[in-house]
Amino acid sequence: MAQSLERQKAKPHLVEEWVGKVYTLLCIAFLIITIFSIVYFVASKGLSTFFVNHVNVIDLLSGLKWVPEGEPALFGALPFIFGSFSTSILAALIAAPLGFCAAVFMVEIAPKFGRRYLQPVIELLAGIPSVVYGFVGLSVIVPFFRNVFPGQGIGIAAGAIVLSVMILPTITTIATDALAALPRGLKEGSFALGATRWQTIYRIVLPTTLPALMTGIVLGIARAFGEALAVQMVIGNAPHIPRSLFESASTLTSAITLSMGNTAMGTIANNALWSLALILMLMTFVFVFIVRWLEGRSKL
Amino acid sequence: MKKTMTVLMALTLTVALAACGQNNKGNGNASNGGGSEIEGSFLASGSSALLPLVEQVSKKFMETNNKVSIQVQAGGSGTGLTQVSEGQSAIGNSDVFAEEKLDADKAAELVDHQVAVVGIAAVVNKEVTVDNLTKQQLVDIFTGKVTNWKDVGGNDQNIQIINRPSSSGTRATFEKYALGQKSEDLKGSIQEDSSGTVNKLVGETPGAIGYLALSYLDDSIKTVKYEGVEASVDNVANGTYPVWAYEHMYTKGEPNAAVKAFLDYMLSDEVQNGDVVELGYIPASKMEVKRDVEGNITK
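Going line by line, the protein sequences match chains S and X.
Numbering-wise (UniProt numbering), the first sequence opens with residue 1 and increments by one.
Numbering-wise (UniProt numbering), the second sequence opens with residue 1 and increments by one.
Worth flagging that the hints you see were computed from the coordinates, not collected in a lab.
A hint or two may mislead.
As the list claims (entries may be wrong) - The list that follows gives simulated cross-link-like pairs (lysine to aspartate or glutamate, EDC-like), each with its CA atoms no further than 20 Å apart:
#1 K45(S) x D59(S)
#2 K135(X) x E227(X)
#3 K299(X) x E288(X)
#4 K187(X) x E69(S)
#5 K60(X) x E204(X)
#6 K112(S) x D177(S)
#7 K252(X) x D105(X)
#8 K45(S) x D103(X)
#9 K176(X) x E99(X)
#10 K176(X) x E71(S)
#11 K222(X) x E204(X)
#12 K45(S) x E86(X)
#13 K106(X) x D131(X)
#14 K150(X) x D131(X)
#15 K65(S) x E184(X)
#16 K290(X) x D234(X)
#17 K286(X) x D112(X)
#18 K182(X) x E295(S)
#19 K176(X) x E227(X)
#20 K252(X) x E100(X)
#21 K222(X) x D234(X)
#22 K260(X) x D105(X)
#23 K182(X) x E69(S)
#24 K176(X) x E69(S)
Bound conformation, chain S alone (with noise of 0.2 Å):
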């Protein structure tokens, strides 16, 4: 009888599981798919700049003026790749210690009040849209840096802080979920020989943790890296290297959105922009590289 039972289930459980194997085959092709047309159409645009229209590459990287329009046509992406990495490395230097201090107090110090109130306060600041972080950032921090310091207040210091404020919630989440993840025994441990809670802190939970922690300020980079608009809002976009955090400079985000639509499909000019695009997805990769590499190292 139940013999019998099992040999009627067995056919619509077969076909069931066929079905979901398909439909997971048919999303990971089309997931594949995806990326390496991604992949493939940025590269092919980006590296049309050098092999269509000859320009080169050491000039690309290397040179200090953007004349797309000009006569001759200058294509030196030094100061997008400069602002690009100042803005988002500043940015990661000012929300780290915020990120790492956050996730200590939720997890070691007041782990009740600090996982239901501040955790989900700080994730909220990563579903405000960027328009809103540039806005507030052209409203509040560049009238004061105007009124505080030389200069107009635009650039790579005001950039900073609303990416810092943006890619707040990767570095503390991602540090407070290494933290909470930090066997008991380690710290009891720790206590049992008579050490304080600062000192478990300091010498045993943050040097335990320091490889999950290196990945969220990885990760925080990466978002900065990419983040376009808020950036492009504060940032003053001329493209030269600035003498002061204060001075307009331009960032290789902000250099794309600001031309792309205004330049036509094919011509010298946009395929310049599309190999900046390619500098970024291959800043990109290296990120995804060194954040690999450390999960390797981590100690848990």
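Got chain S; can you put chain X on it based on the hints?
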């Protein structure tokens, strides 16, 4: 290998774009029976400066012709011209002549429909005391020769340039007709793409100078005269104020019935004297002067 990848890519893009899919070819066959009802669907994309007008007029057009569906997208003049040239959209909106962005043979396939005119004025921060600038003074400012307002008759204050990106149509117009030459991306200058941000920054930054379409002028900033001529709708129309550009709606070849009906409606008195004026553009029909691609003016 390259071909397969291209096909794969095309397939993926087709699926991805299905959400915003539309029939670009348009089935604009007027039913030849009794009525002259038109139907079809098409896309108009391009210039963000022209976007508000096209959006508003297309809504009104679809209300009276409910078998026509028009999609309007921004994306910039370059995108609009590329898309209409490649047949992805039926109408390409542009602030500049197609010849200025596309290759000559591609531009030759496009038909120009000039639907409005936009005047562009130099604007300064309210605290700047200068209220008239000559062409030479503007050139000196935008090429970095003059960096202090006192050199052009103002107070002792540094000039802060708020520019548009070098690919912008508004900047091209300003350079061509106000400066007569290209300006430079000076160190320390600020570049913003949206007219709203330019307005805000000129209003807030001490010693700032920029340029805006007449429709974006308001009380938070000060408009300067150009060679003694005030930037006004009348002065643009009668040819005394030279800094203006056509707003073009390009089609590839002659448009089909639905697109043609829409463009005719755009040029009708109802729209030209209504929506166009209301949104701060200057009606093409009001212009007493004409200009060709090379910038030659004829009465």
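Against the structure, the hints:
no.: 1; hint: K45(S) x D59(S); result: holds (18 Å)
no.: 2; hint: K135(X) x E227(X); result: holds (7 Å)
no.: 3; hint: K299(X) x E288(X); result: holds (6 Å)
no.: 4; hint: K187(X) x E69(S); result: holds (17 Å)
no.: 5; hint: K60(X) x E204(X); result: violated (37 Å)
no.: 6; hint: K112(S) x D177(S); result: holds (15 Å)
no.: 7; hint: K252(X) x D105(X); result: holds (12 Å)
no.: 8; hint: K45(S) x D103(X); result: holds (18 Å)
no.: 9; hint: K176(X) x E99(X); result: holds (15 Å)
no.: 10; hint: K176(X) x E71(S); result: holds (16 Å)
no.: 11; hint: K222(X) x E204(X); result: holds (12 Å)
no.: 12; hint: K45(S) x E86(X); result: holds (17 Å)
no.: 13; hint: K106(X) x D131(X); result: violated (43 Å)
no.: 14; hint: K150(X) x D131(X); result: holds (13 Å)
no.: 15; hint: K65(S) x E184(X); result: holds (11 Å)
no.: 16; hint: K290(X) x D234(X); result: holds (15 Å)
no.: 17; hint: K286(X) x D112(X); result: holds (18 Å)
no.: 18; hint: K182(X) x E295(S); result: violated (52 Å)
no.: 19; hint: K176(X) x E227(X); result: holds (15 Å)
no.: 20; hint: K252(X) x E100(X); result: holds (16 Å)
no.: 21; hint: K222(X) x D234(X); result: holds (19 Å)
no.: 22; hint: K260(X) x D105(X); result: violated (23 Å)
no.: 23; hint: K182(X) x E69(S); result: holds (10 Å)
no.: 24; hint: K176(X) x E69(S); result: holds (14 Å)
When held up to the earlier numbered hints, the structure conflicts with 5, 13, 18, 22 and fits the remainder.
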